[in-house]
Amino acid sequence: DAGVIQSPRHEVTEMGQEVTLRCKPISGHNSLFWYRQTMMRGLELLIYFNNNVPIDDSGMPEDRFSAKMPNASFSTLKIQPSEPRDSAVYFCASSGRTWKSEAFFGQGTRLTVV
Amino acid sequence: DAKTTQPNSMESNEEEPVHLPCNHSTISGTDYIHWYRQLPSQGPEYVIHGLTSNVNNRMASLAIAEDRKSSTLILHRATLRDAAVYYCIPLIYNQGGKLIFGQGTELSVKP
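Taken in order, these protein sequences are the chains called X and G.
Using the working numbering, read the first sequence as starting at 1 and increasing by one per residue.
Using the working numbering, read the second sequence as starting at 115 and increasing by one per residue.
Here chain G stands alone, though its shape is the one from the complex (with noise of 0.2 angstroms):
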């Protein structure tokens, strides 16, 4: 599998951007980078997905290296929803869908 490297922590200001960094310098070619997120007591949730474009939707937007071997995640305008912990995962090829989580970075974000 992909090894990912996630900062532990970080911390932001309400209403600024965010821009989460991962490492996966192992993925391959036809492997997605997906980003899940977890708020406090919740089961994790989709926030955005790549392969080699940039991405963008109503959440935040995906911007990942031209060599693939790292992307960032970024939060335009932070509120007080978005503190969780934020999850990098390369998607593998064909291994039905199979999500391995990481540590994550847990985001705070103060007012």
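So here's chain X without its partners, still in its complex pose (with noise of 0.2 angstroms):
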């Protein structure tokens, strides 16, 4: 397998823009989860998935986030109107069949919002 899946892998874009951020998870996997990493916050978990649905979105930082997981080969997180101060490393990750196993990470998505 080719392991956790993201694209693109860097994205710059301009403030108001809408930002698409894309996640292939491992097959067989049944929960998906999404993280973003900065300096000053370490890395948080935004919002994660089991069996496509979503459990626990509280970690989403407003409105303007929102994650969807349409079948358990995709998922996307979408930011809409973006913001400089989202500017981040985005992970996306997925862990197997029980709530004990280990997770394994994508490479990430380097966001830039300018």
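Be aware that a few hints might be false.
Unchecked claim - Derived pair list, reagent style DSS-like, types lysine-lysine, alpha-carbon separation capped at 30 angstroms:
id, chain 1, residue 1, chain 2, residue 2
1, X, LYS24, X, LYS78
2, X, LYS100, X, LYS68
3, G, LYS183, G, LYS117
4, X, LYS100, G, LYS183
5, X, LYS24, X, LYS100
6, X, LYS100, G, LYS117
No lab work stands behind these hints: they were computed from the structure.
Put the two chains together into one complex; each comes in its own frame, and the hints tell you how they fit.
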């Protein structure tokens, strides 16, 4: 398996534009997580899905952020409109069948909003 | 969520053992203890996990205190490639594998 695949790897956009980050989890995994990492706040959990259903979105910073998982092999994180403070590295992770399974992370998307 | 305390940074010499401590005094009996690390410019990667007994794998060993209020990640022979931030994370029972990252310990390895 190629691991968790995120795209794009880098994104530069202007303030006010819509940004969509994409994630393909490992096949067979049933939990998917979106994280954001900044120097100031470290790694923050934004939202996680179990069997394609959002379970906990309490980490989503505000209504400008939304996440979907239309099927077991694809998820998106959308920011609309984007702001400079959204600049960060966004990671997607997936984990397997049980709650104690280890998680596998993608390489991340570095987002810069100017 | 269970709180963890780790030193902000540690130093080691190459090819020497490293013991990375973690306090998790509020952990409950069913929570697993997971360790992850993040190498520069990469996503976090799984290292090891355990519940009560000490655990070994190809990357490291995990020593868990008898009262489960602390654990130690042991790298038997540090290499330059082990320089990373190491995170100790209690995995809460039946919360879908949700990982809550603290600040971690930044390990530097000197040649």
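Right, here's what the structure says about each hint:
{"no.": "1", "hint": "X:LYS24 x X:LYS78", "verdict": "15 angstroms, holds"}
{"no.": "2", "hint": "X:LYS100 x X:LYS68", "verdict": "24 angstroms, holds"}
{"no.": "3", "hint": "G:LYS183 x G:LYS117", "verdict": "11 angstroms, holds"}
{"no.": "4", "hint": "X:LYS100 x G:LYS183", "verdict": "19 angstroms, holds"}
{"no.": "5", "hint": "X:LYS24 x X:LYS100", "verdict": "21 angstroms, holds"}
{"no.": "6", "hint": "X:LYS100 x G:LYS117", "verdict": "18 angstroms, holds"}
Consistency with the previously given hints is maintained throughout, with no hint failing.
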